[in-house]
Amino acid sequence: MCIRSRSRTTVCESPTEEDDIMSSSQDDFVLRLYVAGQTPKCLRAFTNLKRICEEYLTNRYRIEMIDLLLDPGLARGDQILAVPTLVRRMPEPVKKIIGDLSNTQRVLAGLEVSAGAA
Amino acid sequence: MQHSPFTPARQGFRKAATGIQGLDEITNGGLPQGRATLVCGGAGSGKTLLAASFLVNGARLYGEPGVFMTFEENGDEIASDVASLGFDLPALVDEGKLFIDYVRVERSEIEETGEYDLEGLFVRLDHAIRSTGAKRIVLDTIESLFSGLNNANILRAELRRLFRWLKDKGMTAVITAERGEGTLTRQGLEEYVSDAVILLDQRVTEQVSTRRLRVVKYRGSHHGTNEYPFLINRDGLSVLPVTSLGLEHDASDERISSGVRELDQMLGGDGYFRGSTVLLSGTAGTGKTSLAAHFAEAACRRGERVLYFLFEESPNQLVRNMRSIGIDLKPWVDTGLLKFSAQRPSRAGLETHLASIYQAVRDFRPSVTIVDAVTNLLTVGTQHDVRAMLMRVIDFLKVSGVTGLFSSLTAADSSYEETQTGISSLMDTWIAMTIDEIERERRRSIRILKSRGMAHSNHVHSFALTDHGLRITDGGG
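Chains A and B are the protein sequences, given in the same order. Going by this note's numbering, the first residue of the first sequence is number 1246, and it counts up by one from there. Going by this note's numbering, the first residue of the second sequence is number 10, and it counts up by one from there.
Just so you know, the hints here were simulated from the structure itself, not pulled from any lab data. Note that this is a predicted model, so its numbers are computed, not measured. Each residue gets a CB set at the ideal place from its N, CA and C atoms; glycine is no exception. Among the hints, a few may not be true.
[Unchecked claim] Okay, the calculated beta carbon distance ranges per label pair:
{"#": "1", "chain 1": "A", "residue 1": "P1336", "chain 2": "B", "residue 2": "A357", "range": "53 to 61 Å"}
{"#": "2", "chain 1": "B", "residue 1": "D90", "chain 2": "A", "residue 2": "P1285", "range": "39 to 47 Å"}
{"#": "3", "chain 1": "A", "residue 1": "L1314", "chain 2": "B", "residue 2": "P99", "range": "56 to 64 Å"}
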């Protein structure tokens, strides 16, 4: 799942084959999940997000997780206020979903993914 | 050993000076240190400027760095807003004395799903505070969050947590908020921030706007409760305390000549008291300006500086007219002892006039100030407001030890004892000038209606405007 770590950012991607990396079909969805420590809310958000991505965005997503307690300076760039916040960086425009992502339908609506896409 | 029962030291908490002229006076030293102050007011009432002054002065004057968290305008917009007050925010940011963080919340970009908190905001604040070593913080205007986020319950709980957190951090905070209908703030922030509340107000009457400030609440501290006019100009914000000047100024026994020997005699022999206030009232053309010019010239002859506010005519015109009756003011203008400040009354509101009088007196440091005529100010304010303004001018002049002479036009059909502005009670000496038509001749007369602290003539004296100035023809005394 979480296959590499760049600085303090945990990066999780859908399993891909090496030679497919340049392919434009990869990483349609670049998602960033901002958390602040390992709080139940944040862990819940991550679990929910993984589940939704696996189900609806198979092979089309990439998740970066940023812990603001470790990188407080990063909160400004994406205008993070609420925690947890999921930021859809790609495709544009940027979208934000705040909360523990417990309502799948609303997460999909926020990501602009139709429920039948899988 | 004189101790006011309200000195901050005895109350066990300290104050953070705002450096805003007058505000620290009203609050006996500033805002409650380590606590939050709510500053509320309508749009354009000056909340952001007050907050910015608090931070800039903190960083510049009191060695306390600050954090400016803005929810409505970005850093560049804030910087350009306050540049007009002479504040250079980018320089402070470069010096590491100020941290500006713009928090943008756009409802249309945010989907809410499930539980969240505002830890991101805390992280940002904590980061900003650490990176500058901040002691002061401004949240302008945190209420905007209510329009950006749906869950008001979470918001309220988090704001409560935030204000407690700021207090734990020992931050002196200014929280700005929009005035609500019938409440201090739209979102009832006064429930959370209750150590001190300052209300700003901007009223427009007869197209002239006036700003006012009131300290609604200040827990555990004595504070002035009046509404105080406040000004925003190139020198920043200043609040003009009315009553705080009080009546504690020194009263001088020194006399100075009115410039007319016979009038000095009418005034018990030696003229006005230095530092007193003199009202010259009369109908049009009675010679008020001539008498004022005599006074100005006499002061200049003594080597004193005179500041002359003119609302009716230009300095050149006045100098020319006075030369025709033998009073030559030009040399004194040339040497710099006499300075005119001419302005159309309608060009600005009363508060602005008041501010420019304050500023000019502070800059020029005159020993005599003449205002000719105060009645011109009635075109920009009500009688009540003009009187209140003059009271402040008089207090200010008295505290500064400046002798003030005010001319006042009496309407042709009213009694000479009537001054339109009702200001005579504020004055130490009141001289009334009249013209009567007797046997097809206009006869001028002058009388002293009152002069505090001196034996003075009770007679009505005749006078004439001659080539050698104003001459009282039937002697003084």
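Hint by hint, which ones does this structure get wrong, listed from lowest number up? As far as the earlier hints go, only 3 is violated by this structure.
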